[in-house]
Amino acid sequence: MDKVTNWGLYPTVEAEVFQSSDYKELSEFVATQDHIIPRGNGRCYGDSSLQKKICSTLSLNKFLHFDTERGILKCESGVLLSEVLEVIVPKGFFLPVTPGTKFVTMGGAVASNIHGKNHHIEGALSLYVTGLDILTETGEIIHCSRSSNADLFVNTIGGMGLTGIILSVSLQLKKIASSYIRQKSIKAKNIHALLDYFESYNDWTYSVAWIDCLSKGDQLGRSILMVGEHAELDELKPSEAGDPLMVHKKNQINVPFTLPSFSLNKYSIKAFNFLYYNKQFKKMADTVIHYNPFFYPLDVLDNWNRIYGKNGFVQYQFVIPFKNGKEGLVKILEKIAEAGAGSFLAVLKTMGEGDRFSAPISFPTSGYTLALDFKANKKTFELLSVLDEMVIDFGGRIYLTKDARMDKKVFEKTYHDPFTHGEKFSSIQSNRLCI
Amino acid sequence: MKTVLLLGSNSDVGQACAATFAKNGADIILASRTAADFQSRLAADIAIRYDVKTETVSFDALAYDSHQSFYDDLPTKPDVVISVFGILGDQDLATKDFAEAQKIIDTNFTGQVSILNIVANDMEAKGAGTIICVSSVAGERGRKSNYFYGAAKAALTAFLSGLRARLAMSNVQAITVIPGFINTKMIQGLETPKLLTATSQQVANGIWKAYRKKKNTVYVLPIWRWIMLIIKSIPEFIFKKMNL
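Chains as they are written, first to last, in my numbering: chain X, 1 to 435; chain F, 1 to 244.
Hints may be right or wrong, so weigh each one.
[Unchecked claim] DSSO-like mimics (lysine-lysine), calculated; alpha carbons at most 30 angstroms apart, straight line:
#, chain 1, residue 1, chain 2, residue 2
1, X, Lys250, X, Lys310
2, X, Lys250, F, Lys209
3, X, Lys53, F, Lys194
4, X, Lys326, X, Lys409
5, X, Lys249, F, Lys53
6, F, Lys53, F, Lys209
7, F, Lys213, X, Lys250
8, F, Lys23, X, Lys249
9, F, Lys2, X, Lys250
10, F, Lys23, X, Lys91
11, X, Lys250, X, Lys184
12, X, Lys24, F, Lys53
13, X, Lys24, F, Lys103
14, X, Lys250, F, Lys23
15, F, Lys53, X, Lys250
16, X, Lys91, F, Lys53
17, X, Lys378, X, Lys331
18, X, Lys3, F, Lys194
19, F, Lys194, X, Lys52
20, X, Lys3, X, Lys52
21, F, Lys2, X, Lys249
22, X, Lys335, X, Lys409
23, F, Lys209, X, Lys249
24, F, Lys2, X, Lys91
25, F, Lys194, X, Lys250
26, X, Lys378, X, Lys310
27, X, Lys174, F, Lys53
28, F, Lys241, F, Lys96
29, X, Lys282, X, Lys216
30, F, Lys53, F, Lys215
31, X, Lys335, X, Lys408
32, F, Lys23, F, Lys194
33, X, Lys249, F, Lys213
34, F, Lys23, X, Lys174
35, F, Lys77, F, Lys23
36, F, Lys23, X, Lys175
37, X, Lys424, X, Lys24
38, X, Lys175, F, Lys53
39, X, Lys310, F, Lys194
Rather than coming from a laboratory, the hints here were simulated on the basis of the structure.
Here the structure is a predicted model, which means the values were calculated and not measured.
Construct the entire structure; sequences and hints are all you get.
Set out below in structure tokens:
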């Protein structure tokens, strides 16, 4: 038995973890189990991949095929996005969709139907998955795509691992001229200014805003909006143009131990947010930066999750439709600022329409999506229950991959479409929410 | 270095060696008796990650008669041969059943002699090449707990030492690698002291370094050289009473 916990360090379970690179062994294991859940690199925040019996995909770490003409990559589900980047970037390709960390597995990315800073323009990962091999509950390996076994295919993308164990993923990549991003950052003095900027910069491929959740009144929602495009060769500095398809460096700074849980408090977060907001003097700044700091600013800090202390933290990410956006965000930000339960990271993005190639429990749908971190404690859980009600009222929903505590009633009121899958694959989360 | 032939590529050390040499630009021929499906995935993975050519071939260490044609039929003749196949076997069973003893000796020793001699002849004729073979600390003194395995490895170490001397004249390097404990499938379940246990990747790195520096015999963890020196110098009347 191992103690297993995901990125938020909350909750922790005692679990038996099975891992193999041999398909036959995996299939025999699955066929003989009652309840299991697949798990990749443990970068979901809560309990989506926790269960008494876990099947780890980390030994499924092989690249299987790379068609550099058409830009289609096939690899096993335990391959990390960071490894994918190392292979595809030098060949002039990029991930069509990427989350805020490159340390997730391909299988986890598919099961979460990840979205990125480009969702409002380019949609979720579901639009780029061209095929999957899935180990289903009978122990059978089924290949599926939009044209064959389409139900299984669609239910697996964003299906939170409840349809089976993804063995391999085929993905349509995106062509790039350089591994750099032309970035523009714009300071917004409050939430109203920010939402206006989101609208006027809506045609940029990538956009994201960091919000200071502790400012109140006129400054409520004080933030920096960052928008970006893949840089063309003629936009690079001479020092970058020598190696325009440079891959990220592997240097990491480690947070060597779990900080005492009082280190992050209202004052230290306030100081951080103050520094972050004021590090840019000008209202607007244009730069060309490498994809690594643009997409993965926190990846340089190994184990940054330890800064919240040993009790861990929860991330809360919801989306609310544009029509209720301004009102909803203002009310929710007011509630958070009032509670003073400061969030170290608050990230706001816009999302475009959902699609019909992902499971009914897949998260992305049109609207504003806000993600916040909170220390896991009673006060936080009380605040989040209040926020849940507001999200329901504004017609929104909560991202399962980040969740560790949502109530079944909240889930039922926010995810409406029926989702059918077998009994064998289940997580603590799916049991809690009766999915 | 252009092409590396890996004998025993399904082992953890074999996989780590394949990746390490490919990372340094070598094309890899993966030779293994079992796991054809896994071998072809491994071959694809190495080719894609490191942008090199890979092939898989089937190799049975105990099918001595097939070794010459196995070597002749290789798609490319290797510049480097890394031989890591072997079995620990069942010591207790070997004391009762000669078949087990023979399997331990044949896999760890006779099979190696058969294939490495063929490789040596080819490299000697060409006047170039490197043969790297993994032996064991178990071969330095026969111990109660695994002397069938140890005896086979002792013979292998002696064979490699002679082979090295023979090939020295022909610009062919033979390297003996002594890993100590390795954290692999082979010793799964065995509790070994952390300080004395190498990872497969450490062994692969050691092998790469030995290849680059044209070493003769390398201990992956240098501490083992001293441990074995001590073990070898224990007087027999004490050693035979020890539970090693």
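Outcome of the hint check:
1. About 27 angstroms separates the Cα atoms of lysine 250/X and lysine 310/X, which keeps this hinted pair within 30 angstroms; it holds.
2. Straight-line distance between C-alpha atoms of lysine 250/X and lysine 209/F comes to about 22 angstroms, which keeps the hinted pair within the 30 angstroms bound.
3. With a C-alpha separation of about 28 angstroms, the suggested pairing of lysine 53/X with lysine 194/F holds against the 30 angstroms cut-off.
4. A hinted pair counts as satisfied when its Cα atoms are at most 30 angstroms apart, and lysine 326/X with lysine 409/X qualifies at roughly 25 angstroms.
5. Between lysine 249/X and lysine 53/F, the direct Cα distance comes to roughly 25 angstroms. Compliance with the 30 angstroms bound is thereby established for this hinted pair.
6. Taken as a hint, the lysine 53/F and lysine 209/F pair is honoured in the structure, with Cα atoms around 22 angstroms apart against an allowance of 30 angstroms.
7. About 27 angstroms separates the Cα atoms of lysine 213/F and lysine 250/X, which keeps this hinted pair within 30 angstroms; it holds.
8. For the proposed pair lysine 23/F and lysine 249/X, the alpha carbon gap of about 16 angstroms is at most 30 angstroms, so the pair holds.
9. Restraint check for lysine 2/F and lysine 250/X: satisfied, since their Cα atoms lie roughly 27 angstroms apart, inside the 30 angstroms limit.
10. Between lysine 23/F and lysine 91/X the CA atoms are separated by roughly 17 angstroms; this keeps the pair inside 30 angstroms, and the hint holds.
11. Proposed proximity of lysine 250/X and lysine 184/X is supported: the alpha carbons are some 26 angstroms apart, at most 30 angstroms.
12. About 27 angstroms separates the Cα atoms of lysine 24/X and lysine 53/F, which keeps this hinted pair within 30 angstroms; it holds.
13. Restraint check for lysine 24/X and lysine 103/F: satisfied, since their Cα atoms lie roughly 27 angstroms apart, inside the 30 angstroms limit.
14. For the suggested pair lysine 250/X and lysine 23/F, the alpha carbons sit about 16 angstroms apart, so the restraint of at most 30 angstroms is met.
15. Between lysine 53/F and lysine 250/X, the direct Cα distance comes to roughly 25 angstroms. Compliance with the 30 angstroms bound is thereby established for this hinted pair.
16. Straight-line distance between C-alpha atoms of lysine 91/X and lysine 53/F comes to about 17 angstroms, which keeps the hinted pair within the 30 angstroms bound.
17. For the given pair, lysine 378/X sits about 22 angstroms from lysine 331/X by alpha-carbon distance, which is consistent with the 30 angstroms threshold.
18. A C-alpha spacing of about 21 angstroms is found between lysine 3/X and lysine 194/F, which places the hinted pair at or below 30 angstroms, so the restraint holds.
19. A C-alpha spacing of about 29 angstroms is found between lysine 194/F and lysine 52/X, which places the hinted pair at or below 30 angstroms, so the restraint holds.
20. Note on lysine 3/X and lysine 52/X: the hinted pairing holds, with a Cα-Cα distance of about 10 angstroms set against a maximum of 30 angstroms.
21. Restraint check for lysine 2/F and lysine 249/X: satisfied, since their Cα atoms lie roughly 27 angstroms apart, inside the 30 angstroms limit.
22. With a CA separation close to 22 angstroms, the supplied pair lysine 335/X and lysine 409/X stays within the 30 angstroms bound.
23. Note on lysine 209/F and lysine 249/X: the hinted pairing holds, with a Cα-Cα distance of about 24 angstroms set against a maximum of 30 angstroms.
24. Between lysine 2/F and lysine 91/X the alpha-carbon distance is near 23 angstroms, which keeps this suggested pair within the 30 angstroms criterion.
25. For a cut-off of 30 angstroms, the pair hint linking lysine 194/F to lysine 250/X stands: about 26 angstroms separates their Cα positions.
26. In summary, the hint linking lysine 378/X to lysine 310/X is supported, as the alpha carbons are separated by about 15 angstroms, within the 30 angstroms threshold.
27. Between lysine 174/X and lysine 53/F the CA atoms are separated by roughly 25 angstroms; this keeps the pair inside 30 angstroms, and the hint holds.
28. Among the hinted pairs, lysine 241/F with lysine 96/F is consistent with the structure: their alpha-carbon atoms are about 22 angstroms apart, no more than 30 angstroms.
29. Annotation: proposed proximity of lysine 282/X to lysine 216/X holds, straight-line Cα distance about 22 angstroms (limit 30 angstroms).
30. Straight-line distance between C-alpha atoms of lysine 53/F and lysine 215/F comes to about 27 angstroms, which keeps the hinted pair within the 30 angstroms bound.
31. Restraint check: the Cα-Cα separation between lysine 335/X and lysine 408/X comes to about 23 angstroms, which is no more than 30 angstroms; the hinted pair holds.
32. For a cut-off of 30 angstroms, the pair hint linking lysine 23/F to lysine 194/F stands: about 27 angstroms separates their Cα positions.
33. The straight-line distance between the Cα atoms of lysine 249/X and lysine 213/F is roughly 28 angstroms, inside the 30 angstroms bound, and the hint therefore holds.
34. With a CA separation close to 25 angstroms, the supplied pair lysine 23/F and lysine 174/X stays within the 30 angstroms bound.
35. Among the hinted pairs, lysine 77/F with lysine 23/F is consistent with the structure: their alpha-carbon atoms are about 20 angstroms apart, no more than 30 angstroms.
36. Distance check on the hinted pair: lysine 23/F and lysine 175/X sit about 25 angstroms apart at the alpha-carbon level, within 30 angstroms; holds.
37. Our distance criterion of 30 angstroms between C-alpha atoms is met by lysine 424/X and lysine 24/X, whose separation comes to about 18 angstroms.
38. Pair hint lysine 175/X plus lysine 53/F holds up; C-alpha atoms about 24 angstroms apart against a cutoff of 30 angstroms.
39. Between lysine 310/X and lysine 194/F the alpha-carbon distance is near 27 angstroms, which keeps this suggested pair within the 30 angstroms criterion.
Of the numbered hints listed earlier, not one is contradicted by the structure.
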